[in-house]
Every structure is written in C-alpha cells, then in structure tokens.
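Enquirer: Residue strings, one per chain:
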Amino acid sequence: MADISDHPRETFRISMLLYDARYRSLTIQVVAAMLIMLFLAQLVDNTVTNLAVLGKDISFTFLWSTAGYDINQQTIPFTSQDTHARAALVGILNTLLVAVLGCILATVIGVFAGVLRLSKNWLVARVMTFYVECMRNTPLLIWILIVFAVMTEATPQPRDFREGGTAAMIFGDSVAVTNRGVFIPNPIWADGSGIVVAILILSIIGIFVLRYVARKRQEDTGQQLPVLRLSLAMLIVPVTLAFFALGRPITLDYPVLGGFNFEGGLQVRNSFIALWLALSLYTSAFIAEIVRSGILAVSKGQTEAAFALGIQPNRTMQLIILPQALRVIIPPLISQFLNLTKNSSLALAVGYMDARSTLGGITVNQTGRELEGILLLGIFYLITSLIISSAMNFYNSGVKLKER
Amino acid sequence: MTSTSKVAFVRATMLPEQAPPPGVAGPVKWLRENLFSGWFNSLMTVLAIYIVWSVLSGMLPWAFNGIWDAGSLNECREIRDARGLESAACWAVVNERWLQMLFGFYPTDNPVLARLFYAEELAAAGGAEVVFGGGFNATQQVEFISAMKDDVSNAAIFVFGYWRPLAALALLVVAVAPVLYSNLPRSLLIFSLVYPFIAFFLLWGGSVWLPVLVALGLLATIMAGRYASAFVGSLGGLIVSLAVFAIIFMNPLGAIGIDGLFPLLPQLRGALDGAMPWGLPYTASENFGGFMLAIIIGTSGIVLSLPLGIALALGRQSSMPLIKWVCVSFIEVIRGVPLIVWLFTASTLLNYFLPPGTTFDLLLRVIIMVTLFASAYLAEVVRGGLAALPKGQYEAADSLGLDYWKSMRLIILPQALKISIPGIVNTFIGLFKDTTLVVFIGLRDPLGLTNAIRATSEWNGIYWELYIFVGGLFFMFCFFMSRYSMYLERRLRTDHR
Chain D
6 MADISDHPRE TFRISMLLYD ARYRSLTIQV VAAMLIMLFL AQLVDNTVTN LAVLGKDISF
66 TFLWSTAGYD INQQTIPFTS QDTHARAALV GILNTLLVAV LGCILATVIG VFAGVLRLSK
126 NWLVARVMTF YVECMRNTPL LIWILIVFAV MTEATPQPRD FREGGTAAMI FGDSVAVTNR
186 GVFIPNPIWA DGSGIVVAIL ILSIIGIFVL RYVARKRQED TGQQLPVLRL SLAMLIVPVT
246 LAFFALGRPI TLDYPVLGGF NFEGGLQVRN SFIALWLALS LYTSAFIAEI VRSGILAVSK
306 GQTEAAFALG IQPNRTMQLI ILPQALRVII PPLISQFLNL TKNSSLALAV GYMDARSTLG
366 GITVNQTGRE LEGILLLGIF YLITSLIISS AMNFYNSGVK LKER
Chain H
304 MTSTSKVAFV RATMLPEQAP PPGVAGPVKW LRENLFSGWF NSLMTVLAIY IVWSVLSGML
364 PWAFNGIWDA GSLNECREIR DARGLESAAC WAVVNERWLQ MLFGFYPTDN PVLARLFYAE
424 ELAAAGGAEV VFGGGFNATQ QVEFISAMKD DVSNAAIFVF GYWRPLAALA LLVVAVAPVL
484 YSNLPRSLLI FSLVYPFIAF FLLWGGSVWL PVLVALGLLA TIMAGRYASA FVGSLGGLIV
544 SLAVFAIIFM NPLGAIGIDG LFPLLPQLRG ALDGAMPWGL PYTASENFGG FMLAIIIGTS
604 GIVLSLPLGI ALALGRQSSM PLIKWVCVSF IEVIRGVPLI VWLFTASTLL NYFLPPGTTF
664 DLLLRVIIMV TLFASAYLAE VVRGGLAALP KGQYEAADSL GLDYWKSMRL IILPQALKIS
724 IPGIVNTFIG LFKDTTLVVF IGLRDPLGLT NAIRATSEWN GIYWELYIFV GGLFFMFCFF
784 MSRYSMYLER RLRTDHR
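Chains as they are written, first to last, in this note's numbering: chain D, 6 to 409; chain H, 304 to 800.
Hints may be right or wrong, so weigh each one.
Distance windows between CB atoms, simulated [stated by the list, open to error]:
1. D:Ser395 to H:Gln696: 24 to 32 Å
2. H:Tyr787 to D:Gln307: 28 to 36 Å
3. D:Pro192 to H:Glu635: 34 to 42 Å
4. H:Arg380 to D:Pro192: 39 to 47 Å
5. H:Phe367 to D:Pro82: 50 to 58 Å
6. H:Phe367 to D:Gln317: 48 to 56 Å
7. H:Leu692 to D:Ile241: 37 to 45 Å
Covered by chain H, according to a simulated footprint, are these stretches of chain D (three or more residues, beta-carbon under 8 Å) [what the hints assert, rightly or not]:
8. 28-38
9. 134-141
10. 151-160
11. 270-281
12. 342-352
With a straight-line Cα cutoff of 30 Å, these simulated DSSO-like cross-link-like pairs (lysine-lysine) come out [to be verified]:
13. H:Lys332 to D:Lys305
14. H:Lys709 to H:Lys721
15. H:Lys694 to H:Lys627
16. H:Lys721 to H:Lys694
17. H:Lys452 to H:Lys309
18. H:Lys709 to H:Lys694
19. D:Lys305 to D:Lys125
20. D:Lys305 to H:Lys721
21. H:Lys709 to H:Lys627
22. H:Lys709 to D:Lys305
23. D:Lys125 to H:Lys627
No wet-lab data here; the hints were simulated from the structure.
The model shown is predicted, which means the values in this text are computed figures rather than measured ones.
Glycine included, C-beta positions come from ideal geometry on N, C-alpha and C.
Next up, chain D with everything else stripped away, as it sits in the complex (with noise of 0.2 Å):
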C-alpha cells in the first residue's frame, strides 16, 4: 500500500494572485475597488472644482425659503408665499395621485382586456388584440398629446353648455366635460362625516375579519358561511344607517354654470385627465399581455384535474387556476405599477405639476439648484421605486415555489 498523503502544500507566490483561481479574485476585487474609488474621486473633484468655478456651493436652504409659484392642481393647500419644500411636497402628491389612479384604471382596464383577448369569440378577441397590438407599439408620450388634444380641441367650451347650446351635462346634470376641465360634484364634510368614514373603515375591517373566522370555520367543522351577502351587508348598512342617523352630513356641491365657465364643485384640469387616461390606456395594454399569460401558464391538466376531483367550475377557478395564474401575474404587474409611476413624470408634456415640474422644474429654474434638485428628485423617484420592489419580493417569496 503505498502512502496517500497530502499533496505537499504549495507555498505562496505573488504569480498566485493571477494564476490561482483561489487568490485571482481578491486580485480583481482589489484592482475594481481602486478603480471605482479612482473614478469617484475623479468624479467629486471635477464637481468641486466646477462649483468653484461658477461660484455656488451645496446647500440645500433654498427648499425653506418662498417659492413665489403657483400651483394649479393642489392636493393640498399652496399659495405663492409657501416654501419650496412645501411646493415640492405638492408635487410629490401629485405625482403619486396619478400614479395610484393611474394603477388602479389600468389594471381594470388591463385585465379586462387580458381576459377577452383570450375569449373564444373570435371577433372580440381580434379586436382586444389589435387594441392591445396598437398600445404597446406606440409611445406614451403620444397617446398623452393625442388625449391632451381631444380634451382641449374636441370638448365643449362652457359658454356651449347655457339654453339651447350644443352641450349637456351627462349623468344627471352632474358632471360637465369642457375644454377647460371636467367639472364633478364636490363632496363638502360637514360635522360628523368623520364618523360615518370611521364606520366604513371599521366595516371593511370587519369585513376582512368575518373571512379569516369563515374560513377557520371550514377548515375545522367544513361548515360555510354566506361570506358575499354577509360581507356585502356588512359595508352597506351601518355606514348607510350612520348617514342617515347623522342627519346626511356629506353632500356634493354640484358644478352650475356661472359667467364665463362652471361655479362650485371640483374642476378636474385637462391636463390630470390626460395624464391619468393616458397612462392607464398604455399600460393596461401590458396588464393585459401580463394577465393573458398568466392564465395561459396554468396548464390545462389542472384544469382537468379539478374537474375530475369534481370541483365546480367557479371553485376550480377560485382554489386552483387564480393562485397559480396569480403567482406568474403579480411580479411582473407590480414592475408594470413602477413603470407606470416612472412614466407619470411625463407629466411635463401637458403641464400637469407634478413632482418633476415642481421640485425639478420650476424650483430648479428660480432658485438655480439644478444639483440639487435633480438630486431630490431622483431621491424621491428612487425611494418610492424600492418601496414597490421590496413589497414585490415580500410578496415573491411569500408564493415562491419550494424547491431544492
């Protein structure tokens, strides 16, 4: 039997850190840190030293002192004589308002067009593609200035809108779609509409309670409970017997035309509509890309699984197709709400002030911080995108498949 000993062991040599697969990558580790360090470096200096030049500095006080603007569409209140930082903050909810309706119309939209592009009518289904085909291959910024365009060029003006115009008011006299915006009703909260927002609140609480003790109760004792009606009450009549009881203290300030345009209620600018409608119509043609290959990765032999398990048709979708569609959907859905929040910043195309146009516009443009403010902005944009992505791998790994 001969000696199996260990292989002599090597001494070091500085050829290793090049040769040696065990040192070569501390050596690239080190020479790529010293490189970016060179390159950062590089990269302050030059900035110093042009600041230097032009005779600015870093200094982030412009965001406290008046920002002398305007701003049209306010989620809350601004005049003239706020600060920048509050400007900035309008922006900002401007930004993320459209961006939260924007998700919410496209996904209907999305899905629904998603589904019926999958139907087995023919015709619908060409239709549904061709509007998807038409979406996804155009860019945005078109479709805002197409739906900018018809807002402010195809709409009546509201002088159209007196006797014998040629306009009406749709939906009972309460909304009236101008040139110069779409006038809705305003709801106006009087004393107690605190309560009856806090019963609605309560009741959807409630709501999400009564299905965890439903299915508690299957799971032990197989009984079901009639969880749609019993939910469906629970949000109808208590706030509804609230509203009531309080003596109605919400009511709507309907829009009346005035002189020369619409008095009272809440004037919708042209600019939001075509920003939101816009974004929600390009996007809801990926959903529905999303949507449509979701179901079609659910293979037909789950289907026909379920069935042979004879599990009805609506329970099979419910316990068997949706959460295994819905693991393929979501990822990709919520990197399309990210997009669709990326995109807003188009905003600047019709005018719509959102966080762009304030903090990175206008602010920018008065007070000379383009370093700055671009570095804000960006800050915002980047917060506001890893929130979402971080919500996204909660929600991966939460259905990931387990595997090896």
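Assemble chain H onto chain D, guided by the hints.
Expert: The following block gives chain H in isolation, referenced to the frame of chain D:
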C-alpha cells in the same frame, strides 16, 4: 349461428358519404362556433360589431375623404365645405411636412439637387461653382435654394437631397441582416462591424480619414493584443493592447509635460487630409432631427446596451461581493429613476461631473444615457434567463472543466439568452419608443417637430393627422421588432412539442 338466418337484409356495400347537414359545416359552422356559441357570446359579438362599426364609420370616411393638396388648415376646411363633406382629414399637412418629420432640419444636398432637377436655372445663375462655390452670398444662396425647393417635388428631394441618411439606413439594413437571419453568409458580419464607421461618415460627414483612422486604430489595438498574447501571455497581451490604444487615441506623455508627440491619430489625420482632402460636408448634431434621430438613438442604444446589459447581469450573479454590489446598485439606481430625469441629468448636470472645460455633443450624451438606462433593464431580463436555467447546467459546465468564461459562452449564455428573447426585444421596443422623450431636452424628435408644426399659423389646430403619421411610423418599427422576436423564438425552439 342462429340469428344470421333470420336477418332479412345485410348491406354489403358502403353508402357514399353524405354532405353534413347545413349548420355544422362551412362558414355557418365557423360562425356558430366562433361568434354565436351561446347567448353571452352572441351578445359580445353584437357589442363588438357595434363598437367596430361606430369607430370605422367615423374613421374611414374621414381618412379616405382626406384632402391632400392644401396650403393651410383653413384652406383644407374650405375645400371640405366646398365638397360638402361632413368631416375630412387634412393630409395636406403630412404631404407638405413629411420630409421635415423624417429628417428634422438635416440639410439637403443642394448641389446634387440643383444639378439633377434645376440644371437650367443653375446654368442661368452661373453654374454650381458660382452658386455653391462662393460666388453667391448667403442671402442669394438661400433664395436660390428655396426657389429650387418650391420647384422640385418632395419625392425627388427625399431621394436625392437626403441621399446620405437614406444610404446610411439602407446600409443599416444590410449590416443588420446577417445578425438577424442566420441563413445569410457569415462573411457579411465583417460589414456589420465596419458599418458604424460608414454610418458616422455618411451622417456627420467631414473628413473621411477620421472614421477610417479610428477603425484602423481599434483594429491595431486588437491585433497587437492578440499577437502579443501569443508570446507574453494574456495579461501581457492586454497591457500591450492598452499601450497601443493609448498612443493612438490618448496622450500618455501628457502627465510629464511632453505634448505634440501623441496621440498619433490627429497627426496622421492632418497628414492624410493634406495629401488627399476627401470627405463630405460636415453636419453638426444640432441639425439632426425627426424620425432619423429616433432611429439613430434607438439603434445605437440597442447595439451598445446588449453587451453592457449581459455584463451587468453576469456581474450581478458574480461570487465576488464587490463586483456584485457595484452591479446591483448600478442597476437599481438606474431603474429606480425615470428616463426623463436621467436625460435632464445628461443635459444639465453632466457638465458638473466632467473635467472643467470639457464639453461634448448633446446627442452623444443622450445616446450614452439611453444606453445605460436600457442596459440596466436588459440586465434584469438576462438575470431572469440565467436564474431560469436549471442548476444542473452550471454543474455540468463545471464538471466538464470549463473555466468561467468558456462555460458562460458555450453553455449558459446561449440557453439563458434564448429564454430571455421576448424580454430583450420588449426592452428594445421600449428603448425605441423612449427616444421620443429627447424632445424634453431640446432635441428635435418627431413629436417635437409636430408641436413646432402645430405652432405655425397655417397648421394651428391640427393634431390627428400628425399624430397618426408619427404613431404609424413608430408602430411599423416596433411591430416588426415584436414579430421578429416571435420568429426567433420559433426558430430557436429545440424542445419537441
């Protein structure tokens, strides 16, 4: 055998096949199955027919009754009223301005146009030497050219006035074809490599020696590295090629104060320009515009972002923590911020980050930004492909003893890229569509030009026609790309279903 005798009749021959009853064959069957299979389906069909009809009945008469020959929107409306039409598209604006929307303010090759289509007037004015060679002052020249353009048809100006961008586009098709379709001869790929230099020369013009020398310099860098690595190993080869690159394109001795000797390129160029002053008139990037700009930015972004995106994806999967960390932060930061903000950074902030006194072309900055942006998205798509490969493929490559680059090149990337084709093409389509955003930093993209046209007094108030034209052009390109990706998926499919 008891019952056979009782059978009265047994048919011995087959009856001829009968036609199926009406309603279960032919178009009626198709209609029944596809459009009217139940009350809900029928309702949907009726609804869809109503929607299609109401859209088409508005659109088609409008489009086909369109007026092609008018000087302004008012003139269009007069013609429409004179014809007694309810609505009519005013295609005249497209007819008049399509060249502008395609090329922006890219200059036409006026001497060529004058010689071909305006020869008599050119001779009357004293010949090309006088008009374009210095005999005319600027005003006279402008008057002569505008008179000529009124006289020459748009189609002629398109073909002969813009022959440089058109040639660049035609050669682009030739250069891209061998990459897209693998049944073309592989030797055409050499042309694909040379193409960027040809396109640069055709589009920007200037001395022919600049692109030639840059191409030769890059070739020399690569060849020197290859040749040297045979003798002194791969690291030595890398150092040699870096040294060759440095003496051709940079001034390595500048740090110790010796100027004038290096870089070699401008010196060679000066000598060649003196001996053989060949070239085309120079066109600055500011004049580029229209759909041409979208194609230039889109193509360069696509070509440059693919290798960068793959590198980032590999970096993100790397086992080296530093490399991984750098790639992840690059990808997340780029993806987290909208392209518009990056474009503003490129146009306003980049001057802060560059060494004092450097300026470079806005178009180039935009191309770099768009490339970086698309590469971050591509990296995520490719990462998905890499993650989708079964672990066994990586282990198999390792067990064959392949090193990292070989295993990536031969085993992992071909499969991973195949899986990610749809995502890659979608990113490219997105990049191409996003080229419209350059309008916000002052480049003249097609949409910016439509705004300019709508701002003129003649065409104020027109929008559908222009947007349909621009949207249709984008649709054509993007639709081709998406169909190509489907073709590629089909062709590369190796599993048998």
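Enquirer: For each hint, tell me whether it holds in the structure or not.
Expert: Each hint, compared with the structure:
no.: 1; hint: D:Ser395 to H:Gln696: 24 to 32 Å; verdict: holds (30 Å)
no.: 2; hint: H:Tyr787 to D:Gln307: 28 to 36 Å; verdict: holds (33 Å)
no.: 3; hint: D:Pro192 to H:Glu635: 34 to 42 Å; verdict: holds (40 Å)
no.: 4; hint: H:Arg380 to D:Pro192: 39 to 47 Å; verdict: holds (43 Å)
no.: 5; hint: H:Phe367 to D:Pro82: 50 to 58 Å; verdict: holds (52 Å)
no.: 6; hint: H:Phe367 to D:Gln317: 48 to 56 Å; verdict: holds (52 Å)
no.: 7; hint: H:Leu692 to D:Ile241: 37 to 45 Å; verdict: violated (52 Å)
no.: 8; hint: 28-38; verdict: holds (count 5)
no.: 9; hint: 134-141; verdict: holds (count 3)
no.: 10; hint: 151-160; verdict: holds (count 3)
no.: 11; hint: 270-281; verdict: violated (count 0)
no.: 12; hint: 342-352; verdict: holds (count 4)
no.: 13; hint: H:Lys332 to D:Lys305; verdict: holds (25 Å)
no.: 14; hint: H:Lys709 to H:Lys721; verdict: holds (18 Å)
no.: 15; hint: H:Lys694 to H:Lys627; verdict: holds (20 Å)
no.: 16; hint: H:Lys721 to H:Lys694; verdict: holds (17 Å)
no.: 17; hint: H:Lys452 to H:Lys309; verdict: violated (100 Å)
no.: 18; hint: H:Lys709 to H:Lys694; verdict: holds (17 Å)
no.: 19; hint: D:Lys305 to D:Lys125; verdict: holds (16 Å)
no.: 20; hint: D:Lys305 to H:Lys721; verdict: holds (25 Å)
no.: 21; hint: H:Lys709 to H:Lys627; verdict: holds (20 Å)
no.: 22; hint: H:Lys709 to D:Lys305; verdict: violated (39 Å)
no.: 23; hint: D:Lys125 to H:Lys627; verdict: violated (47 Å)
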